[in-house]
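Now for the letters of each chain:
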Amino acid sequence: MTTKLMGQKVQRVEDQRFLRGQGRYVDDVASGQDVLHAAVLRSPHAHARILDIDVSKVLDVEGVHAVWTYDDLTGPMAEPLPLLIPHPALTHGRTQYALAKDEVNYAGEAVVFVVADDRYVAEDALDRIRVDYEVLPPVVGIPAARAADRLVHDDVPGNVGARLEQQVGDARAAIAQAPHRLTLDLTVERSSCQPLEGRGTVARWDPDLNRLQAWTSTQTSTGVRAAIAVKLQLDLGQVDVITPDVGGGFGVKINHPWPEELLVPLAAKTLGRTVKFTEDRREHFISTAHERGQVHHIEVGFDDDGRLLGLDVEFWHDHGAYTPYGLIVPIITSTQLLGPYKPQSYRVVFESLYTNTVMVTPYRGAGRPQGCYAMERTMDAIADYLDRDRTEVRAVNFIQPDEFPFDQGLVFQDGRELEYDSGDYPASLEKLKTLVGWDEFPAYQQELAAQGRRVGIGLACYVEGTGVGPYEGAHVHIETSGKVKVATGLTTQGQGHATVFAQLVADELGVRFEDVEVVTGDTRRMPYAVGTFASRAAVMSGSAIHLAAKRAREKVLKIAADALEVDELDLQISDGVVSVKGAPDSSIDLGTVSVLSNPLRYAFDEASKAATQFSVGDPGKPPVAEDDEPGLEGRDFYSPERATFASGMHAVVVETDPETAEVKILKYAVVHDCGNLINPMIVEGQIHGGVAQGVGGALYERMAYDESGQLLNASFMDFLMPYVTEVPDGIDIDHLETPSPLNPLGIKGAGEAGVIPSAAVFAAAIEDAERVALPGLTITAMPISPSDLFGLRATHRQESS
Amino acid sequence: MSEEQHDVVLTVNGTAHPVSVPARRLLSDALRHDLGLTGTHVGCEHGVCGACTVLLDGRPVRSCLLLAVSAQDGEIITVEGLANADGSLGPVQQAFLECHGLQCGFCTPGFLTTITAGLRDNPTPTHEEARDMIAGNLCRCTGYQNIVRAVERAAELARDGAPHAQVPHPPEPEAGQLEFEDRDDDNASTGLGA
Chain A
1 MTTKLMGQKV
11 QRVEDQRFLR
21 GQGRYVDDVA
31 SGQDVLHAAV
41 LRSPHAHARI
51 LDIDVSKVLD
61 VEGVHAVWTY
71 DDLTGPMAEP
81 LPLLIPHPAL
91 THGRTQYALA
101 KDEVNYAGEA
111 VVFVVADDRY
121 VAEDALDRIR
131 VDYEVLPPVV
141 GIPAARAADR
151 LVHDDVPGNV
161 GARLEQQVGD
171 ARAAIAQAPH
181 RLTLDLTVER
191 SSCQPLEGRG
201 TVARWDPDLN
211 RLQAWTSTQT
221 STGVRAAIAV
231 KLQLDLGQVD
241 VITPDVGGGF
251 GVKINHPWPE
261 ELLVPLAAKT
271 LGRTVKFTED
281 RREHFISTAH
291 ERGQVHHIEV
301 GFDDDGRLLG
311 LDVEFWHDHG
321 AYTPYGLIVP
331 IITSTQLLGP
341 YKPQSYRVVF
351 ESLYTNTVMV
361 TPYRGAGRPQ
371 GCYAMERTMD
381 AIADYLDRDR
391 TEVRAVNFIQ
401 PDEFPFDQGL
411 VFQDGRELEY
421 DSGDYPASLE
431 KLKTLVGWDE
441 FPAYQQELAA
451 QGRRVGIGLA
461 CYVEGTGVGP
471 YEGAHVHIET
481 SGKVKVATGL
491 TTQGQGHATV
501 FAQLVADELG
511 VRFEDVEVVT
521 GDTRRMPYAV
531 GTFASRAAVM
541 SGSAIHLAAK
551 RAREKVLKIA
561 ADALEVDELD
571 LQISDGVVSV
581 KGAPDSSIDL
591 GTVSVLSNPL
601 RYAFDEASKA
611 ATQFSVGDPG
621 KPPVAEDDEP
631 GLEGRDFYSP
641 ERATFASGMH
651 AVVVETDPET
661 AEVKILKYAV
671 VHDCGNLINP
681 MIVEGQIHGG
691 VAQGVGGALY
701 ERMAYDESGQ
711 LLNASFMDFL
721 MPYVTEVPDG
731 IDIDHLETPS
741 PLNPLGIKGA
751 GEAGVIPSAA
761 VFAAAIEDAE
771 RVALPGLTIT
781 AMPISPSDLF
791 GLRATHRQES
801 S
Chain B
1001 MSEEQHDVVL
1011 TVNGTAHPVS
1021 VPARRLLSDA
1031 LRHDLGLTGT
1041 HVGCEHGVCG
1051 ACTVLLDGRP
1061 VRSCLLLAVS
1071 AQDGEIITVE
1081 GLANADGSLG
1091 PVQQAFLECH
1101 GLQCGFCTPG
1111 FLTTITAGLR
1121 DNPTPTHEEA
1131 RDMIAGNLCR
1141 CTGYQNIVRA
1151 VERAAELARD
1161 GAPHAQVPHP
1171 PEPEAGQLEF
1181 EDRDDDNAST
1191 GLGA
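Protein sequence lines, in the order shown, are assigned to chains A and B. Per this note's numbering, numbering of the first sequence is gapless, rising by one per residue and ending at 801. Per this note's numbering, numbering of the second sequence is gapless, rising by one per residue and ending at 1194.
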């Protein structure tokens, strides 16, 4: 019997090509061929009216093939880009045009599109374009947006795109009557995904087939395909979108279509040439998307044990200049804020605000890091107020293992109830305390304090709704060679899907792992799909692939039972061979079963002779039965009722330098529960990466906008992403496996988890370390740099004296 | 555009490639788009991320900060040249496979070339030295944990006799010639390095 691969640390199949330099990323497509290159002139102003665009100096430049402004666009291309996720509360949703019409609302907005022989010439051409702007005062930052002295869009009063309130019970009344009350004001600044590969699109129009092929670095190939078809007025069947290898996504590539994802195909069709756009790093900073910027006002009422009686959260979400991705991020913040806890009553209201900055769409964690930060800072504040251990206060508020499914009484980001399916939070907390040495820490802290050193510990808990719908699908095809070709429609950006999905198929079909080949994100192979976001790929496509493989297996057994003249129940499949249990000589390999599955008129090789009309079949029946179809394939879809909820807890021990205020990470511990693990090696890799991004977001990364809306740190030189020198040397991980009842594999998503508690856990640990010397110092704004902490110390000393 | 073209020969992984390029063409673009060696990736175009690192006469260099014409007399090794002669993975590549040292794979070529040169210069790095060896390259997926492990594993594999890619030592500087700056200094200039 083949060893079961689910749960094994299987090495990745995709690594062979990546390690040899044979990955195929979008900028590699058509390399060395006769390709035209696009470049985009972007607004230098955060807010301005376009008075005139003069392209006359470019038109006759040798090597330039197209220069387009808004006026060159027609039909649907001249309409605003789609608002992908409408919501009744988004009363004032706005999206940009593919090329700016009349006005620009952030520095970086696309204004003119140029196609030339190569990128160098295209950029030369941009230099020759003159745009006259009437510069308008910009709105930068949440306080300015709320003040609304100036408006981003003239027709959006108060800069408010949406206001949404949800409540369970009467939180205001509960707080008023509670024995204890606290108020917190917290802020989180912007960061961004920054995959090492930016955006890119290549398109080719085939006049012989009357068909467009586009390669794009996206998290949803079916989404881009639909958008291209609508905007270019093509039939869906005329558009293929292929997502090749993607050099990281982390959320930013789920938004679509970017202007270039439409302009490049349009140029390819118009010019009859292959056209490529590959953005540079600066463009990625100023013309894609950011996330995280929020301001929270929290009021909480609780009893003597720290039990939450009423929680009232008001927050303001900076969504930048446009809202193509709707309210997903603030809705997630407002719902996932509750984490593993059950407040007796809860009210949350948010305003989603316009500013003249790059728009906001999900970045790994997608609003959860802010929610976790708000909730966990509140827990810390309650523990501090009651002089209780921080783990005790959390524990009294946990949903207990016997309370699942637990309905929080709110509506989640997918429009479904926020109902947790399973989990064991007390067990997670016990594991974390052991892993990090929670109970021993106070003695250690005192010991070091005696030496003049400041060490502190923090913990943070989260729950993450993963694997949201609507669905994913899969197609499994056993070829006559016995090799198995699998396709699922969502895309891959480093998660090792080719490996984990092959593990699932090998297990279900009983074939060798190395005989399974998985393709993702190619609309020619699987045209029905949603995309890779919300930690959903393993849950959604993993389940769909499992189900599709099951269908293929059923067909294998049926055909093999006929061929071997035995009952299906007596058969087993192992290493690609179907055999009769207890009689291994009576067997048939999957390749032969595949031959038999497809009745043939013509033989083309030795194997196919076995399937021709004079060799097989009952002359009294049709060669393909009425309820059957030729070929050894299985196709199925997985569409869950609602999301499945993963959870976890992080703890960190830090040391802060009494002089320089530098923060050093001494220990980082993670307890993680994503249900059954398909490949622990890959899950741990996801956690490592998430933690590192979290370190960046908590200690280093911010978007430094000045008052005129210029992003001052739009380069890797100035936006401080962690190198190895900034991440913990070792991350201790322990897994809890609470299976999900919602899918056949019992799995939950794992992709985003590592980054969710970072701001919360670092704020807690740094505060704990600082209080060794500065009792009462409180951290309310993240990220926190050494200079921020230095300033905070000075302010605290001033206020205390 | 009638830009002046320069005939240069780029010697990459032991093969001489005559190309005609404008003076401003970056080495990274020439490798990728003129020679079709797309294994070398461009992540930032300003020398910070290290994804485009290749070995020029044995030294790790950022190919996005070099002009193709300036590489005329050098021997270039890219990720495509790191496998063993029999086609099997070289020790650094093998170590990345074993340790799950990569996810999306985009930054990986720059790490592989950097570590190849690093282990040539220091075949038995301590744990701290293994971390230092990769401190000038950015990865957004792995959190570096498994890359550090891969450095240590690659050193082990090389010690156990796995053949190393043929990476020449950089030539000694001639009298009066300026030596290349040490890579640690490059790291310091990013404001983040060791």
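These are calculated hints, taken from the structure and not from any lab test. Just so you know, not all the hints are guaranteed correct.
Which bits of chain A does chain B cover? Going by a derived footprint, with three or more residues having C-beta under 8 Å, they are [what the hints assert, rightly or not]:
| id | segment |
| --- | --- |
| 1 | 19-27 |
| 2 | 239-248 |
| 3 | 490-503 |
A short, non-exhaustive set of chain A residues, derived as facing chain B with CB atoms under 8 Å [said to hold, decoys possible]:
| id | residue |
| --- | --- |
| 4 | Val10 |
| 5 | Val13 |
| 6 | Asp15 |
| 7 | Trp316 |
| 8 | Phe398 |
We put the beta carbon where it would ideally sit given N, CA and C, even for glycine.
Please list, smallest to largest, the hint numbers that this structure does not respect. 4, 5, 7, 8
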